[in-house]
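Chemist: Chains as they are written, first to last, in our numbering: chain A, 1 to 182; chain B, 1 to 182.
Don't take every hint at face value.
Some chain B residues near chain A, calculated using beta-carbon distances under 10 Å [unchecked claim]: (1) Cys-4; (2) Lys-6; (3) Asn-75; (4) Asp-80; (5) Met-99; (6) Asp-173.
Coverage of chain B stretches by chain A, computed from C-beta distances (three or more under 8 Å per stretch; other residues unrestricted) [to be verified]: (7) 55–68; (8) 100–113; (9) 130–142.
To be clear, the hints were calculated from the coordinates, so they are not data collected in a lab.
Virtual Cβ for every residue (Gly too), placed ideally from N, Cα, C.
There are 2 protein chains.
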Amino acid sequence: MNFCPKCGASVSLRIPAGDHLPRHVCDSCNEIHYSNPKVVAGVLAVWEDKVLLCRRAIEPRYGLWTLPAGFMENNETTGDAAQRETREEACARVELEQMYTLVNVTHISQIHILYKARLLDLDFHSGPESLEVELFEEADIPWEQIAFRSVGVTLRHFFADRREGHYQFRVVDLPPPEAGSR
Amino acid sequence: MNFCPKCGASVSLRIPAGDHLPRHVCDSCNEIHYSNPKVVAGVLAVWEDKVLLCRRAIEPRYGLWTLPAGFMENNETTGDAAQRETREEACARVELEQMYTLVNVTHISQIHILYKARLLDLDFHSGPESLEVELFEEADIPWEQIAFRSVGVTLRHFFADRREGHYQFRVVDLPPPEAGSR
Numbered sequence: 001m002n003f004c005p006k007c008g009a010s011v012s013l014r015i016p017a018g019d020h021l022p023r024h025v026c027d028s029c030n031e032i033h034y035s036n037p038k039v040v041a042g043v044l045a046v047w048e049d050k051v052l053l054c055r056r057a058i059e060p061r062y063g064l065w066t067l068p069a070g071f072m073e074n075n076e077t078t079g080d081a082a083q084r085e086t087r088e089e090a091c092a093r094v095e096l097e098q099m100y101t102l103v104n105v106t107h108i109s110q111i112h113i114l115y116k117a118r119l120l121d122l123d124f125h126s127g128p129e130s131l132e133v134e135l136f137e138e139a140d141i142p143w144e145q146i147a148f149r150s151v152g153v154t155l156r157h158f159f160a161d162r163r164e165g166h167y168q169f170r171v172v173d174l175p176p177p178e179a180g181s182r
Numbered sequence: 001m002n003f004c005p006k007c008g009a010s011v012s013l014r015i016p017a018g019d020h021l022p023r024h025v026c027d028s029c030n031e032i033h034y035s036n037p038k039v040v041a042g043v044l045a046v047w048e049d050k051v052l053l054c055r056r057a058i059e060p061r062y063g064l065w066t067l068p069a070g071f072m073e074n075n076e077t078t079g080d081a082a083q084r085e086t087r088e089e090a091c092a093r094v095e096l097e098q099m100y101t102l103v104n105v106t107h108i109s110q111i112h113i114l115y116k117a118r119l120l121d122l123d124f125h126s127g128p129e130s131l132e133v134e135l136f137e138e139a140d141i142p143w144e145q146i147a148f149r150s151v152g153v154t155l156r157h158f159f160a161d162r163r164e165g166h167y168q169f170r171v172v173d174l175p176p177p178e179a180g181s182r
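Make a model of the complete structure from these sequences and hints.
Modeler: Next comes the structure, spelled out in structure tokens:
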């Protein structure tokens with residue numbers, strides 16, 4: 001941020017009185033502009049013994065596989081967002097069952113929220129942000145081609161929980177990635 | 001938003017190509033500026049049969065009672081944020097036990113996340129944003145003086161769960177408030 005979105009004057013990065021972190025503060029109107037973590041919502045959609053994955057048609061991670069998910073919009077719930085992203089990326093309809101993982105991705109200031117969901121029919125296909133949309137059995141999951149760690153974590157918990165016969169909500173804090181990894 | 005935070009030119013509210021919602025788009029550099037929901041994190045801290053409430057020294061809801069909670073900062077986890085806000089508002093130390101409620105407050109584009117926590121000692125006192133910090137038994141909760149509906153919902157779930165002997169994570173979608181209410 002270089003300019004005040006409110007009045008157009010320059011901004012400086014400084015700690016406002018009574019605060020403890022540097023913020024972008026307008027040099028003219030003194031408005032304080034905060035920056036906060038963003039929420040990504042999506043689904044782990046299940047059909048029989050298979051789960052729905054999308055191959056990304058956009059950066060980052062072009063060509064890799066992910067769960068349908070994306071940034072929450074204002075004025076929607078986490079559940080609304082998860083279902084909307086599923087429609088947009090996989091043209092698929094799901095019934096949400098439970099919030100399943102909440103993953104803190106602190107190094108990029110994101111929270112990823114994935115719901116476990118029931119895929120309602122097989123009438124799905126790629127939206128504009130996907131190259132392919134496909135159902136995978138556990139044995140066929142392309143583990144080396146998964147786009148995001150939060151997706152890998154969620155899939156591993158799902159297959160472990162399925163063996164136990166009990167699906168449990170989990171909060172996961174991801175450590176910063178190692179150099180060169182995702 | 002009136003001006004582009006990146007280049008300082010004017011912005012217009014319009015639907016970018018490939019998008020489906022109006023965004024603030026820069027008339028000069030074409031940068032798209034998104035606005036997303038914000039996350040508030042806090043704790044329901046328990047000591048014996050009592051819970052910790054703070055009376056607000058700031059607007060909104062000056063003078064009303066709340067759970068210690070506030071906006072998440074970049075690069076922290078939901079749990080970090082909940083503990084930091086508890087230190088700042090109640091000068092209290094807690095051990096987080098479980099994420100307990102996630103409340104979608106869509107009409108103000110916020111998600112409120114409250115953890116159930118164990119208060120570690122009685123050495124707490126008001127921070128600069130609180131008038132008082134106090135432990136309340138269920139019978140003494142000032143139900144008519146609770147600052148936010150997400151706090152009331154969380155407290156009611158807690159006392160109900162305590163009677164059942166089982167504490168359960170819940171996702172709650174708040175409807176828009178009725179005129180004149182909170």
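Chemist: If a hint holds in the structure, say so; if it doesn't, say that too.
Modeler: Here is how each hint holds up against the structure:
Hint status for Cys-4/B: holds, given a least beta-carbon distance of 7 Å to chain A, under 10 Å. Interface hint at Lys-6/B: satisfied, since its Cβ lies 6 Å from the closest Cβ of chain A, which is below the 10 Å cut-off. The closest approach between the C-beta of Asn-75/B and any C-beta of chain A is roughly 5 Å, which is under the 10 Å cut-off, so the hint is satisfied. A hinted interface residue such as Asp-80/B counts as satisfied when its beta carbon comes closer than 10 Å to some beta carbon of chain A; here the least separation is about 8 Å, so the hint holds.
At its closest, the beta carbon of Met-99/B sits 5 Å from a beta carbon of chain A; the interface hint therefore holds under the 10 Å criterion. Residue-level restraint check for Asp-173/B holds (minimum Cβ-Cβ distance to chain A is 5 Å; threshold 10 Å). Under a criterion of three residues with beta carbons nearer than 8 Å to beta carbons of chain A, the stated coverage of the segment 55–68 of chain B fails, only 0 such residues being counted. Counting residues of the segment 100–113 of chain B whose C-beta lies closer than 8 Å to any C-beta of chain A gives 6; at least three are required, and the coverage claim holds.
Only residues whose C-beta sits within less than 8 Å of a C-beta in chain A count toward coverage, and the segment 130–142 of chain B has 0 of them, not enough to reach three; the restraint is violated.
Violated hints, listed in ascending order, are 7, 9; each of the other numbered hints is respected by the structure.
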